[in-house]
Amino acid sequence: MTALAPPVAPAEPGPRPLLRPARPGLGRATATLQSFALPATWILIGLLLLAPVVCFLAIAISPRLFDQGPQWFTLSDLSQALSGPNLQGLLDTVWVGVATAALAVGIGFPLAYLLARTDLPGRGLWTIGIWLVLLLPSWLPALGWERLAAPGGVLVQLGAGDRWLQDVVFGPGGVVLVLALRGVPFAFLAFTAALGGLGREFEDAARVHGAGRLATLRVVVPILAPAIWSALAIVFAESVSDVGVASTLAFNAHFPMATYGLFSAVNNYPSDFPLASAIGWLLVAAVVLPLALQARALRGRSYAVLSGRLRPAGRTALSRRGRLLGLAGVGLFYALALGVPAVGTISASLLRDFGGTVGLKELTLANYRAVFSSSGLASPLLRSLFFALVTATVTVVAGLVAARMLVHSGARRSARLFDFLLLAAVALPGTVFAAGYIFAYNLPFLTKIGLALYGTTTLLIIAYIAGSLPTHARVLVGTVAQVQESMVHAGRIHGAGLLRAWLRGVLPVLSRPLVMAWLLTFCGIFLELPISQILYPPGQPPVSVAINDNLSNYHFGLGMAQSVIAVLLALAVVGVVLGGYRLLAPRGWQRIGGAHG
Amino acid sequence: MPSSKVVSRPPSLRRRARRLPFGVAVTGLAAALGVLGSTVLPGAIGTAGASGKVPLVVYAAEGYDSAMTAAFQKATGIPTRLDDDSTGPLLAKVVAEKNNPQWGLLWVDGATAFALLDQQGLLYRGFEPNVGWTTLGKAAVPRDKSYIPTGITLMPAIVYNSKVLSASQLPTSYQDLLSPTWKGAVGMNDPAVSGPTYPFVAGLMNQLGGVSAGEKYFEQLKSNGLHVFQTNDVTLNALEAGTIKLALIQSSAGIGAMLKTPGIKVAFLPKTTVLPGAIGIDKGASKTVRAEAEQFVKFVLTKEGQRVQQSGDPTGDSLYWPVIKGVAPKAGLPSITSIDAQTINPYTWGARENAVNQWFTNNIVQ
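Note that the protein sequences, when read in sequence, are chains A and B.
Quick note: the first sequence uses the numbering used here, first residue 1, plus one each step.
Quick note: the second sequence uses the numbering used here, first residue 1, plus one each step.
One thing to keep in mind: the hints can contain errors.
To be verified - Taking lysine-lysine and the DSS-like style, the derived pairs with C-alpha atoms no more than 30 Å apart in a straight line are: (1) Lys-287/B x Lys-448/A; (2) Lys-260/B x Lys-325/B; (3) Lys-448/A x Lys-98/B; (4) Lys-448/A x Lys-283/B; (5) Lys-330/B x Lys-145/B; (6) Lys-448/A x Lys-53/B; (7) Lys-330/B x Lys-74/B; (8) Lys-283/B x Lys-74/B; (9) Lys-271/B x Lys-222/B.
Claimed, not checked - DEER-style ranges, computed between Cβ atoms: (10) Asp-176/B x Pro-70/A: 38 to 48 Å; (11) Ala-292/A x Lys-222/B: 39 to 49 Å; (12) Ser-62/A x Gly-284/B: 15 to 25 Å; (13) Leu-91/A x Glu-304/B: 54 to 64 Å; (14) Gly-171/A x Lys-216/B: 25 to 35 Å; (15) Ser-373/A x Ser-168/B: 38 to 48 Å; (16) Pro-70/A x Lys-287/B: 28 to 38 Å; (17) Lys-216/B x Leu-91/A: 21 to 31 Å; (18) Asp-340/B x Val-168/A: 37 to 47 Å; (19) Leu-446/A x Lys-325/B: 42 to 52 Å; (20) Ser-373/A x Asp-340/B: 36 to 46 Å.
Note that these hints are calculated values from the structure, not bench results.
Quantities reported herein were computed from a predicted structural model and do not represent experimental measurements.
By construction, the Cβ of each residue, glycine as well, lies at the ideal position given by its N, Cα and C atoms.
Only chain A is shown next, with the shape it has when bound in the complex (with noise of 0.2 Å):
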C-alpha cells in the first residue's frame, strides 16, 4: 500500500505526487494513472452521457439517420426553430430562466446562512422541508398554483381570491416564481456544502480586523464564488429544461417557452423529432450563457479554503428581533414553496370529483382506500424506491469522480468541455434525452449482437444516473473545489495508502456534501417522469408512470392520493437517511460541514 504507484481505479484520477508544489507538474505514478484513468472515464462519459444527446442533436440535421425524414443534411428545422412562436418561445425561456436564477440563489443563501449558522429555532425541520420541496416534481406546484388562484379556486372561493392574484399567477411572474421556488433547494445544497467548508476563520478574521457583519458578508461571499456561480448555472440549466411548469402555468398563461414547443413536437402526431432536436441544440446553446459568465468570474482563482485546520463554525445567536423576521422569511418560503403544493393536492385527493368543489361534506378518503385496496400500486411504489435507491448510490460515486475531474483538471479544454456537455445535458428535458436514448440504444445492430438494452430496467437505470450526474456533479463542485490537496498528502506521509488517505483524509469532510447529495438524486429520480416514461420496461412502470396513468385516464383525485402516499414514503426515506447519518457516521465527520450548537 505504500507504493507511490497506487492501485489504478479506472474512474479514479490521482492526485498529485507527494511533496511536489500543487501545480500541474505530474509524476510519473500519476502520468500512468490519468493515461488509463481519463480514457476509461472519457468512454464511460461518451457512452452513457454522450452518445443519446449526440444521436438526439443529430437528428435536426440529418433526419435520415434514425429514420426521421428523407433528408441526409437539412438546416430547415433549425430555421424553424428560430422563427415565430419558437423563437419566441426561446426568448421567453432565456429570461426566465435569469430571473429564476437570480430569484432562487436570492433566496437560497440567506435559507442555507440562516439554517448552517444561526439559531435560528427548528432547523432540522426547515432542512428536512427542503428535501420535500425537491421532491415534488414540478407539475405539482404548479397545479397547486393553479387550484388556488384560478377563478372559482380555492382562494376565490374563501374569498380572498383577486383579479391581481390570477394576473400575478398565470403569467411570466407566477412561472418565474414557481420555478424559482424549486430551484431553491439547488441552491441551498450548493451554499450548505460551500458555507460547511469555509470554517469559521475567515468571518473571525474579518470580524478581528474590525469589519461589521456586512462588511464580514463582503468578505466571505467572494469566497463562495464557485458555489454561487455553481447554484446559478443549475438553477439556469434546471428553469430551461422544465416542462411541467412549461405545459401548466406557462401554458395556460399563453406564454410560450420553448421547452413546451419541443414537447408538443415529440407528443405531436406524428412526433416531428428533427424540431424537437433544433429546439434542443438552442436550449443548449443557451446554457452557453451561465458558463461563460462564470468562467469569465472564476478564471486562474483558488477557493480552496478546506483543509485539515478548518475550524467548525459557530452559530451566531439571532436577536430576538432577527430571529422573528428569519422564520417570518423561512416560514414564508415554505408556505409558498410547500403550503401552497400541499394545499392543491392533498385537496385533490380528498374529493369526490375532479377537485373543482370545495367544502367539508365533498371530503372523503375513498381514494386513499382505493390506492391500498388496488394491489396496483404497491409494485410500482418498490420498483421507484429501488432504481432510486441504486441511481442515487451510483450517481454519488460517479458524481465525486465528475466533480473532481472538473476542478484538478483546472483551465484544461477537456474540463471545460466536460463542465459544457454536463450542463448541456442539464439543459435538455428528460424527454428529449430519453428519446435520445432510444435512437442511440436501439439501432438494429445492437440487437443483432445481442446488447439490447433498450426496453430493460438496466438502461432506464443507466439514464437515470446519466440524467442525475450533471447536476450532482454541479453541486458537488462548490465542496471539491474547496478541499486542499494537502490532506491527502498529510495521509499519505503519515504512511496511509493512496486510498485509505482519501478514506480517511478526504470522505470525512466530504461525507455530508455526499449524504445529501445522495438525496438530491433519491428525490430527483423517486418521482421522475419524462425518462421514466419512456424508457421504463413494459409490464414493469415506476411510480410516476402509475400515476400520471391514473392522473390521464381521469382518475384525478386517486393519482393525486397516489403522489400524497409516494412523497410521504420518500420522505420517509429522507429521514431514515439524515438520522441514520446522524446515528452511525463517525463524530468527527458530523463536525465538519456542520456548526456547534
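Chain A is already provided as a structure; the job is to place chain B on it using the hints.
Frame of chain A; chain B shown alone:
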C-alpha cells in the same frame, strides 16, 4: 476537532469502533438493495418466457388495458408486457423506434393515427377477426385491414354543469359558440398533446368544408375567449372550478365525469365525430408474436374480452359503444343512434395531422 487528527492518529481500537457502524450501514444498504431488487424485478432482464412463448409487448393508452392484458395472459398463458401511457408519448416511442420496433401491438384511440402508421408501412395488413360487426364497427375497419376497431367513443361531447346551465341554455350548433353568450366560457384540449382531440378538430374542419374554413372557425373561437388545456382531466377540472362553462372533450371522459359528479351532464352538437379505439399489429413482428397479437385481438372481441373492457375502467374508457353485435353498451351511455355523428376518412385526415396540430399550437394555443 481538527480533522487532521482523525487522519494522523489511528489507534486501532478507536478505528474499529468508528468504522464498524459505517461498514454495517454500507452492508445493510447493499443487502437491502439486493432484497428489494430481487422482489421488484422478477425476470426484468431477458425476454424469453417460462413456457418458451415469446412475450407479447403491448403499447396501450386505454384505461382498461392493464385489466385486459392480465385477463389475456391468464386465459392463454402468453406472457404479456404492457407499456401503458398516454397516446402522445406512446406514438412518439413508436416513431422513435421506427428502425427497430419493440412493440407487438398498439392499442389507442383514433383511426387517424393508425392510418398514418399504415401509410408509413408500419402496420401488418390483412387481418380481420371473424366477428359480427355493428354498422359503426364495420365502417371503422379500413379497406387494407391494417387495424381493427375495438370500441367507439365520440369527440367532442359537450360537458356542462347543470347547476350553472340548464339544458335549454345549451348551444345548438358550433356556430353558437362564437356568440357573446359563450365568450370566455368554452374549453377544449390541445390536439398536439391530447391524442383524441385531433379527430375533433379534423371532424369540425371536415364538417365546415375544409382546413382553411376550419382554421377560420378556430380563430374566431379563439377571439371569443376559447380556453385550451392539455388533457381531458385538466379541462374537466376547469369546468368544475367554474373557469369555463362548456368543456368539449371525449365522450368517455365526459360521461365518466357525469357518473362520478352530481350535476355534470353531457350533450352532443351536430355533428360529433366517431373516434374508434383500435389495435394495430407491428409489421416487423415475428410470426409468433403476430399470431399472439391476432389472438389478443380475437380475445378482446369475445364476450369475455368485452366484459373485461367494460369493467376495467368503469368511469373512464370503459364507457364506449361496442363494435360487435350482441354486446350492450354500459348503463349511462345514450343510444348512439340518437346522436348525429359523422365518420371522417382517417387516411385523408391522418396525413394532415401534424400540420393541423402545429398550426393549432402556433395560432390558437399561443
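- Query: Could one say that the CB atoms of Asp-176/B and Pro-70/A fall in the range 38 to 48 Å?
  - Reply: For Pro-70/A against Asp-176/B, whose Cβ atoms are near 44 Å apart, the range 38 to 48 Å holds.
- Should the hint that Ser-62/A and Gly-284/B are 15 to 25 Å apart at their CB atoms be regarded as holding? Cβ of Ser-62/A to Cβ of Gly-284/B: about 23 Å, so the range 15 to 25 Å holds.
- Query: Taking only the CA atoms, is the gap from Lys-330/B to Lys-74/B under or equal to 30 Å?
  - Reply: It holds: about 24 Å lies between the C-alpha atoms, which stays within 30 Å.
- Query: Range hint 28 to 38 Å: satisfied by the CB atoms of Pro-70/A and Lys-287/B?
  - Reply: With Cβ atoms ~31 Å apart, the hint holds.
- Task: Note whether the CB distance of Leu-91/A and Glu-304/B lies within 54 to 64 Å or breaks it.
- Result: With a Cβ separation near 57 Å, Leu-91/A and Glu-304/B satisfy 54 to 64 Å, so the hint holds.
- Query: Does the alpha-carbon distance linking Lys-330/B and Lys-145/B stay inside the 30 Å limit?
  - Reply: Answer holds: Lys-330/B to Lys-145/B is near 28 Å, not above 30 Å.
- For the pair we were handed, Lys-287/B and Lys-448/A, check the Cα-Cα distance against 30 Å. holds (18 Å)
- Query: Does the Cβ pair Asp-340/B, Val-168/A satisfy 37 to 47 Å?
  - Reply: Given a distance of about 44 Å, which is inside 37 to 47 Å, the answer is holds.
- Item | Cβ distance range 42 to 52 Å for Leu-446/A and Lys-325/B, holds or violated | holds (47 Å)
- Query: Should the hint that Lys-216/B and Leu-91/A are 21 to 31 Å apart at their CB atoms be regarded as holding?
  - Reply: Hint holds: Cβ distance 29 Å, inside 21 to 31 Å.
- Does the Cβ pair Ser-373/A, Ser-168/B satisfy 38 to 48 Å? Cβ of Ser-373/A to Cβ of Ser-168/B: about 42 Å, so the range 38 to 48 Å holds.
- Message: Tell me if the beta carbons of Gly-171/A and Lys-216/B are separated by a distance inside 25 to 35 Å.
- Response: holds (29 Å)
Hint check: no violations occur; every hint is consistent with the structure.
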